[in-house]
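Visitor: The chain contents come next:
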Amino acid sequence: MWNQFPAFAFPLRLCDSASIKTGRTARLGYCPLVILFALLGLYSTDAAADDVRQLTTNGRLKFAPVFVGDGKELAWCEHDQPTRVSIIRLNLETGKSTTMFPNASGHFFDPAFSADGRYWCFGRSGGPRQLSLVIVDTKDEKEVAFEPAGGLRATIRTPRFTPDGKRVIFTINAPGGQQIASVNIKGQDYRPLTQSAGINGWPDISRDGKQIVFSSSRAGSLNLFLMNIDGSEPRQLTNHRIRDVRPAFSPDGRRIAFTSARDGNREIYLINTDGSGLKRLTNHKERDDYPVWHPDGKQIAWIAERNGRFDVHLMPVGD
Amino acid sequence: MFSIGSFPSRDCSGISRRAFLQSGATLPFAGGLSTWAQEKGGSPPRAKSVMLIWLGGGPSHLDLFDPKPKALAQYRGPFSAIQTRTPGLLVSELLPKLAQRSHLYSVVHSNINYQGGHRPAGSIAMTGTRPTDGGEDRGGKVDGYGPSIGSIIARHRQSKSLPGFISLARGPIGDGVGPNIGQGGGKWGKAHDPFMLSCNEEGDVSIPKLKLLEGLSPARLADRKTMLRELDGLRRSIDSKPFRVWDGVYDQAIGLLTSSEATRVFDLSRESEKTRQAFGRTAFGQSCLLGRRLVEVGVPYVQVNWSRYVEVLFPFSDYGWDTHSDNFGLLADWHGPLLDRVLSALLDDLHERGLLDSTLVLCMGEFGRTPKINNIGSRDHWHQCYFSVWAGGGVKPGLVVGASDAQGEFPARDPVTPAMVGTTILDLAGMGTAARAEMRVLEDGHVIDALL
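In order, the protein sequence lines correspond to chains F and W.
Reading the first sequence from the start, the letters are residues 1 to 319 in the numbering used here.
Reading the second sequence from the start, the letters are residues 1 to 452 in the numbering used here.
Worth flagging that the hints you see were computed from the coordinates, not collected in a lab.
Every residue gets a Cβ at the ideal spot worked out from N, C-alpha and C, and that includes glycine.
If a hint is listed, it holds; no wrong ones were tucked in.
The calculated DSSO-like cross-link candidates involving lysine-lysine, where the alpha carbons are at most 30 Å apart (straight line), are:
(1) F:186 to F:166
(2) W:97 to F:285
(3) W:141 to W:190
(4) F:210 to F:279
(5) W:372 to W:97
(6) W:396 to W:97
(7) F:279 to W:97
(8) F:285 to W:274
(9) F:210 to F:139
The following residues of chain F were derived to be distant from chain W, with all beta-carbon distances above 12 Å:
(10) 69
(11) 89
(12) 91
(13) 94
(14) 99
(15) 208
(16) 237
(17) 270
(18) 278
(19) 295
(20) 318
So these bits of chain W aren't anywhere near chain F, every CB distance computed over 12 Å:
(21) 133
(22) 139
(23) 143
(24) 190
(25) 352
(26) 414
Sequences are here, hints too, so could you generate the full structure?
Guide: See the structure below:
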């Protein structure tokens, strides 16, 4: 199991634009160092480490990666300018990255894409609300915006399409607290899915469309919960006093990747949907966060902070 | 490397990307404390330099340095409290590195302010005085405030080379409505405003003011003699205009341009990669590193601003601490981990270099945030009780000073006013009662005795 990610294993300070570098290729120039550190016991020679790929190198603050369609593309949010957050799309085959809305002045948060590729959505700052949900129909070239009630402060985060592409669920900061809710593809038919005390957020939907996993502080600290797609039958999945957040269903629906700071530092963990099989995937003194499953169910992309820089990485995940 | 209006750090290959002027001159530099006692009388200050880490926007005290794990759920929030090395001090789980370093700093839990708007509260906090004309939100003007603490110290020290008060930000700090008018000289005038520097995530340093000096171009500044001639001519030209735009700040800027030591100070690539990485490649991280370099050469007062703006999520904002919405997401994602990393790195760095004893580090904002979670699951402004973190420069570390009540709403004991904050900074910087009286600033102020 990959459990060590030494700083020298990748050319983190390359100043070119986003590019794809496999761990093996990127380390060619560091073979003597690798051998030295391996001898010193400071470098894991675990075979899986060779398959870890660093997908970006600019080091800017990044968050909320998601795969697009069949996984040939990845999108995320990035502080591409000092006062702007943009959505970046990277073609994993060509290495070409594209900034969505490059001339816009506002922020764009938390992209999500429908399974059939027709729709995508994101949070947009500006106008009367702080973050509105924008749903784009790429076929008809139309967009609709869902403006949450609550005036100037209301916010939409972490949208996710239902597998049938008919609804979008999200975290909403609006009267009633921070809850999880959904609207249809036209931004209408608002339905609250949680109405609990505490903070609720970071929802993800199982591929069969039957369950939602999310994080909630309704019982004290932030822990993972499952509920049915209509919000019924919430049940607690993890129970730790330090937060568990950002859960992501595996494509086969059996496991959930999530971020936890339970060891004092943010790492990526796995847990089965029945609460068994807790396993830590990363182990680094810096931050590992925002896990997202590749559609093939065999890899997880995440944002790793290394030497104070933030980049997208991709690692294999065993059964 | 060094260039007019911009001081780019070297890229990965160690070669400057766009520097077009290298200065070889040397001017007298800051660091003139060797004669301080003779010039000012009395004993040298405990804090040779002050670094104000300004968390503009209002950081949530309950979610950072004053968690309330036993409070009601609608107050407590979702973050757990963790132990520190200081008896009686808990911090939020968002600050694990700072928890491990609590022996280096003390925390005040009972700061108070007098107004709830960003600009007046910020001006009050930075000057230690209340506005005589109502402040920014009530039509007040700049001369309604006393000078900022940085302006006072700079004037007292009278550094003749590097500016005595340097503020690191992309421009004057404030909110979307306007700037904090108390961040500078106030009634003393613009000559006592901070010298603004900007530092980005790669460590490129620029002087925003110099970007106004049209007429300077790389081609015309190819060598030092040409540069000086051009600058002299430019100055005469500006001085002759009906509107006088040349002021002391320009003089200081030109001083920097002709100072080889400034060239070195602003060149963050001279730091080891390990040090630069420790601070993190964010504008806040590299700005704090630049701040430490300025302190190292004797700049008396450095203010590092988390953000130029304080309205998160609005267009053009850059994530101040004004988390009216999504407080718990934003703090967990960005604010908490960035502050934890950068402030820890700064304290470590100053400590390891032996500079912490002579450098006062103060980290605070203009107020805290509502202990009771608002109706959209976040927190709003709260000036009745908030925190400040103090380290070095004569402050006893490992203390908790004052206390908030069970819900974090009001001081339970020992409220600390902005005047007390200002007076304490000045006292540690060598401005006791007599010096304050001489300058007629915070004459009736009281120091926070428990910190000293």
